[in-house]
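Can you build the whole structure from these sequences, using the hints too?
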Amino acid sequence: EADIYQTPRYLVIGTGKKITLECSQTMGHDKMYWYQQDPGMELHLIHYSYGVNSTEKGDLSSESTVSRIRTEHFPLTLESARPSHTSQYLCASSASLSGRYEQYFGPGTRLTVT
Amino acid sequence: GNSVTQMEGPVTLSEEAFLTINCTYTATGYPSLFWYVQYPGEGLQLLLKATKADDKGSNKGFEATYRKETTSFHLEKGSVQVSDSAVYFCALSMRGSQGNLIFGKGTKLSVKP
Numbered sequence: 056e057a058d059i060y061q062t063p064r065y066l067v068i069g070t071g072k073k074i075t076l077e078c079s080q081t082m083g084h085d086k087m088y089w090y091q092q093d094p095g096m097e098l099h100l101i102h103y104s105y106g107v108n109s110t111e112k113g114d115l116s117s118e119s120t121v122s123r124i125r126t127e128h129f130p131l132t133l134e135s136a137r138p139s140h141t142s143q144y145l146c147a148s149s150a151s152l153s154g155r156y157e158q159y160f161g162p163g164t165r166l167t168v169t
Numbered sequence: 005g006n007s008v009t010q011m012e013g014p015v016t017l018s019e020e021a022f023l024t025i026n027c028t029y030t031a032t033g034y035p036s037l038f039w040y041v042q043y044p045g046e047g048l049q050l051l052l053k054a055t056k057a058d059d060k061g062s063n064k065g066f067e068a069t070y071r072k073e074t075t076s077f078h079l080e081k082g083s084v085q086v087s088d089s090a091v092y093f094c095a096l097s098m099r100g101s102q103g104n105l106i107f108g109k110g111t112k113l114s115v116k117p
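So the protein lines, in turn, are chains D and B.
Be aware that the first sequence starts at 56, since it is given in my numbering, and climbs by one per residue.
Be aware that the second sequence starts at 5, since it is given in my numbering, and climbs by one per residue.
A couple of the hints might just be wrong.
[To be verified] Which residues of chain B face chain D? A partial, calculated answer using Cβ under 10 Å:
#1 S97
#2 G108
#3 T111
[Unchecked claim] Okay, derived cross-link-like pairs now, DSBU-like style, lysine-lysine, Cα gap no bigger than 35 Å in a straight line:
#4 B/K109 <-> D/K73
#5 B/K56 <-> D/K72
#6 B/K72 <-> D/K112
#7 B/K116 <-> B/K81
#8 D/K112 <-> B/K109
#9 D/K112 <-> B/K56
#10 D/K112 <-> B/K116
#11 B/K112 <-> D/K73
#12 B/K116 <-> D/K72
[To be verified] Derived DEER-like restraints, expressed as beta-carbon distance ranges:
#13 D/G69 <-> B/E73: 49 to 59 Å
#14 B/G5 <-> D/T132: 28 to 38 Å
#15 D/R137 <-> B/P44: 21 to 31 Å
#16 B/P44 <-> D/G69: 21 to 31 Å
#17 B/Y34 <-> D/D114: 20 to 30 Å
#18 D/D58 <-> B/P44: 13 to 23 Å
#19 D/I124 <-> B/S114: 36 to 46 Å
#20 B/G82 <-> D/T70: 43 to 53 Å
#21 D/T120 <-> B/R99: 27 to 37 Å
#22 D/D93 <-> B/V86: 38 to 48 Å
#23 B/K56 <-> D/Y105: 18 to 28 Å
#24 B/S114 <-> D/N108: 37 to 47 Å
Hint data in this document are derived by calculation from the structure and do not stem from the laboratory.
Quantities reported herein were computed from a predicted structural model and do not represent experimental measurements.
C-beta: ideal position from N, C-alpha, C; glycine also.
In structure tokens form, the structure reads like this:
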């Protein structure tokens, strides 16, 4: 059973607010990822990290930022939320040493910006 | 570039029907292949995987065989249940890609009693 957590599960917030979506994993995985899932279900990689102090932008341009100060923690921040940021955000992690490339996903945060 | 194409949904079946969800891939090398499942309101779970040609992944009655000659990894189940209603994603990962997955667009399955 994968142990990866996301909080909050649901968030409704007004335009212009700063928000941070939390993601933590207890598996000691070195790699972590953030995906944005649109209403049509398609997944878009927006950020990833290969380890502490490593962050990279994904395939989909995003106004969000991420940090990786600790192995287990990979928060995503929106400095000024807009209605276009309304989406489902999924966090995932994987272990590079396993060589199996399996990613384990958290339950997601559903963000609504009004 | 590398990509995954899976059949568009939604797919609606009656309980105990046979399921096939087609998945084909384009890759410059030899990828590992995965099927993930997303139940309503949840994140994705790994359903099964195959890492080399002719490997068969299986789990919970689902199967998929890595076919290099047809670049396919079709998902099958002999008898679906209402509890199988979910969105299914096919994905690939290339060696040297540092584990990044390339996903298909997802196929929504609804099983009616």
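These are the hints, each one checked on the structure:
no., hint, verdict
1, S97, "holds, 4 Å"
2, G108, "holds, 9 Å"
3, T111, "holds, 9 Å"
4, B/K109 <-> D/K73, "holds, 30 Å"
5, B/K56 <-> D/K72, "violated, 47 Å"
6, B/K72 <-> D/K112, "holds, 31 Å"
7, B/K116 <-> B/K81, "holds, 15 Å"
8, D/K112 <-> B/K109, "holds, 20 Å"
9, D/K112 <-> B/K56, "holds, 29 Å"
10, D/K112 <-> B/K116, "violated, 41 Å"
11, B/K112 <-> D/K73, "holds, 33 Å"
12, B/K116 <-> D/K72, "violated, 42 Å"
13, D/G69 <-> B/E73: 49 to 59 Å, "holds, 55 Å"
14, B/G5 <-> D/T132: 28 to 38 Å, "holds, 30 Å"
15, D/R137 <-> B/P44: 21 to 31 Å, "holds, 27 Å"
16, B/P44 <-> D/G69: 21 to 31 Å, "holds, 27 Å"
17, B/Y34 <-> D/D114: 20 to 30 Å, "holds, 22 Å"
18, D/D58 <-> B/P44: 13 to 23 Å, "holds, 22 Å"
19, D/I124 <-> B/S114: 36 to 46 Å, "holds, 43 Å"
20, B/G82 <-> D/T70: 43 to 53 Å, "holds, 50 Å"
21, D/T120 <-> B/R99: 27 to 37 Å, "holds, 30 Å"
22, D/D93 <-> B/V86: 38 to 48 Å, "violated, 26 Å"
23, B/K56 <-> D/Y105: 18 to 28 Å, "holds, 25 Å"
24, B/S114 <-> D/N108: 37 to 47 Å, "holds, 44 Å"
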